[in-house]
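Chemist: Using the sequences provided together with the hints, build the complete structure.
The listed protein sequences derive, respectively, from chains A and B.
Last residue of the first sequence: 1076 (our numbering), numbering continuous.
Last residue of the second sequence: 1076 (our numbering), numbering continuous.
Hints are computed from structural coordinates only; laboratory data are not their basis.
Any given hint could turn out to be false.
Because identical chains share one entry, a pair is satisfied inside a single copy or across any pair of copies.
Subject to a maximum C-alpha distance of 20 Å in a straight line, what follows is the list of computed SDA-like cross-link-like pairs (lysine to any residue) [to be verified]:
hint, residue 1, residue 2
1, Lys1007, Pro965
2, Lys1015, Asp740
3, Lys1007, Asp715
4, Lys979, Arg946
5, Lys928, Pro965
6, Lys976, Pro896
7, Lys686, Arg788
8, Lys686, Lys928
9, Lys928, Arg897
10, Lys928, Leu895
11, Lys976, Leu895
12, Lys752, Arg834
13, Lys969, Ser1029
14, Lys820, Gly1016
15, Lys979, Arg897
16, Lys1015, Pro828
17, Lys1007, Asp712
2 protein chains.
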Amino acid sequence: MSERRKTKPVFVGDVQVGGDAPIVVQSMTATDTADVESTLNQIAELADLGCEIVRVAVPDKEAAAAMPEIVKRTAVPLMADIHFDYRWAMAALKANVHGLRLNPGNIRDPDKVRMIVKEAKARETPIRIGVNAGSLPPLKALADDEMPPPMHERMVDAALWELNILEEMGFDSLKISLKAFDVPTMVQAYRDLSARLDEAGTPYPFHLGITEAGLPRAGSVRSAIGIGILLSEGIGDTIRVSLAADPKEEPPVCWDILASLNLRQRGPTIVACPTCGRIEIELIPLANKVEAHFQKLGKPITVAVMGCVVNGPGEAKMADLGIAGGKGRGVIFRKGEIVKTVNEDEFLSAIIEEGDKVIAEMENGNSDIADADFPPGDAPDPVIPIQEVPSSTSER
Amino acid sequence: MSERRKTKPVFVGDVQVGGDAPIVVQSMTATDTADVESTLNQIAELADLGCEIVRVAVPDKEAAAAMPEIVKRTAVPLMADIHFDYRWAMAALKANVHGLRLNPGNIRDPDKVRMIVKEAKARETPIRIGVNAGSLPPLKALADDEMPPPMHERMVDAALWELNILEEMGFDSLKISLKAFDVPTMVQAYRDLSARLDEAGTPYPFHLGITEAGLPRAGSVRSAIGIGILLSEGIGDTIRVSLAADPKEEPPVCWDILASLNLRQRGPTIVACPTCGRIEIELIPLANKVEAHFQKLGKPITVAVMGCVVNGPGEAKMADLGIAGGKGRGVIFRKGEIVKTVNEDEFLSAIIEEGDKVIAEMENGNSDIADADFPPGDAPDPVIPIQEVPSSTSER
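Modeler: Here it is as structure tokens:
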């Protein structure tokens, strides 16, 4: 894990993006924005799932007309997504929206861009420049023997061009995204732009995402790799996972990404073995029940649910709470110590009971550590108790 | 994407791992190995999903007794997973298993290890050393003021120690894994060991995995990040995703990881927009049907299913086949060219029809390119046709 890039923070409403703020989780509504109640319901549902900023498309007059009411009643700060028409940007700003996603090049008329920038500046409303491999500006004419530049270069060039329009108008409350479906293209674009901006002394924060990542399974994997590689290099200040699915599927994947890199944790992290021919307990239903229980409590606890003697005790010791099951009995570990041995029918109740104790400790003893996000930088290196090689099970 | 690490290949049956072989996909059965029919059924199901090597646990006499029949009738090469007891290793070898996963330190008695190595060598059967953060050898005693080494160092030390036992017996048909649940720990362990081995001139291939990654969604994300970071650095020769779920859920995630990095593709890759307030067609059901259709055909085709004018045409042009829908009509693209415009009720049939043409072209014109795995090294940089900024839609 590299140290996090030092970026110039912007504020989307009261949510800081960049600087020393935690990586912010975002999503986008899929309702018709003109339908105020449906849109507000979806925003609230996304917020309940840990979505800290929500984007809404404002593609027409009806959507623009709905924005004042939506902004007034929203659960979290909103970004208005604007394409082509400056009027919807102006309407969103006047509705007190918390940020705009807008590419000035796509508004085209410099006078109209100037109007938007003047209004955004007066209101201290940030703008995200959102470059997308699927909608780049036209290439300049190429000579006969000239190859077009690679996609990631075209994306960086587009971002710098868009940026330049805003900077020349004295606007710098900015964040930038460089989305592509192709992971290597997306990763290289963000790497190159971060180097260019840091060198220029304008380290704007980055919104990371894979665009049109696809259906939930493949789209989550693709997003996790692209976003994960960059976050592990210290690049990225806010993330969005774009799935062809109910938007409610997106925030949990964002949180899974952040938890996987020890950047932030929301709700439980479940360590659970894949089961194999060594399995001796009904593990998968138990793991699901354990996750559901601690998800409901919303506490950042790590629970290991392990089904055999090979890795079970080791993993169970490393987690906040663990069970290593075998032959109808299970050993419960709390913070690395064995606390009891129980029968299989008591596994869940014992985990819940010991979980309450772990959570109580978190909240009394050192709540500021337990509930806080992990600090940026190197992953914590848990001090592991000395482990014994498990004794032979050849008698089985 | 870094160039792939040059490793010393081993053969698990007829499947090459390492060297210039494609990254191999693996999984593990969760049946009782002693139940021959269930185990063979699960092996066949995994093979149908693109699993190229399957591991089976051999934890006891009954499992060992089932191995001859399982090996005789298996659909793909098998690795026997052995812990603690040399007898099951000997039995698996004598059953003609294609490889062993075995840590000599965990067998302990050097004479027994020697017996296994002699037999494996005579049969040219490779061994995977599988180090796992949850079952490391005990730490040596520490002085009062001495801190235990970080986990990734302990894992590398354990691998080198296990390796040394086998190398001293003249055995080098090896691959190595260094699994942990913690992504930064796992990534650092593989990076460090690859540097150590390459320097020593013994570049054994690596089996990558996150251990006990958890339930499907979070486990897939965690595995994708850990495995994805390493593959993007050129590290890794075979991969396994460990989920607390039906093992059939694992190979598709492996393939999603490989496709995301343009390393290999199996079946379709679906580019699909997340839908937003701009959506104008019923996109998600269509994307699911398109995926199901091309999944059934099993062809490596990239299909974009896009719902609006902003990124739709751009993404649809870049894919092998694409549809950019809007207002009840959709434009179909084939290999970057518009081929027709259809009504919403014809979307699926038009995609299927044009898909047949793309697949026919793949199989006639240049089947060796279309069906082959992507070459290792840099991601291909598709030459994108010059794109126009879409015309204003402000009249909507």
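Chemist: Decide, hint by hint, whether the structure agrees.
Modeler: Evaluation of the provided hints:
1. Lys1007 x Pro965: Cα proximity of Lys1007 and Pro965: one copy only (17 Å, versus 45 Å across).
2. Lys1015 x Asp740: neither (55 Å within a copy, 32 Å between copies)
3. Lys1007 x Asp715: This pair counts as between: shortest inter-copy Cα distance 18 Å, intra-copy 56 Å.
4. Lys979 x Arg946: within (7 Å within a copy, 39 Å between copies)
5. Lys928 x Pro965: between (23 Å within a copy, 17 Å between copies)
6. Lys976 x Pro896: between (23 Å within a copy, 18 Å between copies)
7. Lys686 x Arg788: neither (32 Å within a copy, 50 Å between copies)
8. Lys686 x Lys928: neither (31 Å within a copy, 43 Å between copies)
9. Lys928 x Arg897: Close inside one copy (14 Å) and across copies (13 Å); limit 20 Å.
10. Lys928 x Leu895: both (13 Å within a copy, 18 Å between copies)
11. Lys976 x Leu895: Cα proximity of Lys976 and Leu895: across copies only (16 Å, versus 26 Å in one copy).
12. Lys752 x Arg834: This pair counts as neither: shortest intra-copy Cα distance 39 Å, inter-copy 55 Å.
13. Lys969 x Ser1029: within (11 Å within a copy, 42 Å between copies)
14. Lys820 x Gly1016: between (62 Å within a copy, 19 Å between copies)
15. Lys979 x Arg897: Between. Shortest inter-copy distance 19 Å satisfies the 20 Å Cα cut-off; intra-copy 25 Å does not.
16. Lys1015 x Pro828: Between. Shortest inter-copy distance 18 Å satisfies the 20 Å Cα cut-off; intra-copy 57 Å does not.
17. Lys1007 x Asp712: between (54 Å within a copy, 14 Å between copies)
In terms of the numbered hints stated before, the structure departs from hints 2, 7, 8 and 12, listed from lowest to highest.
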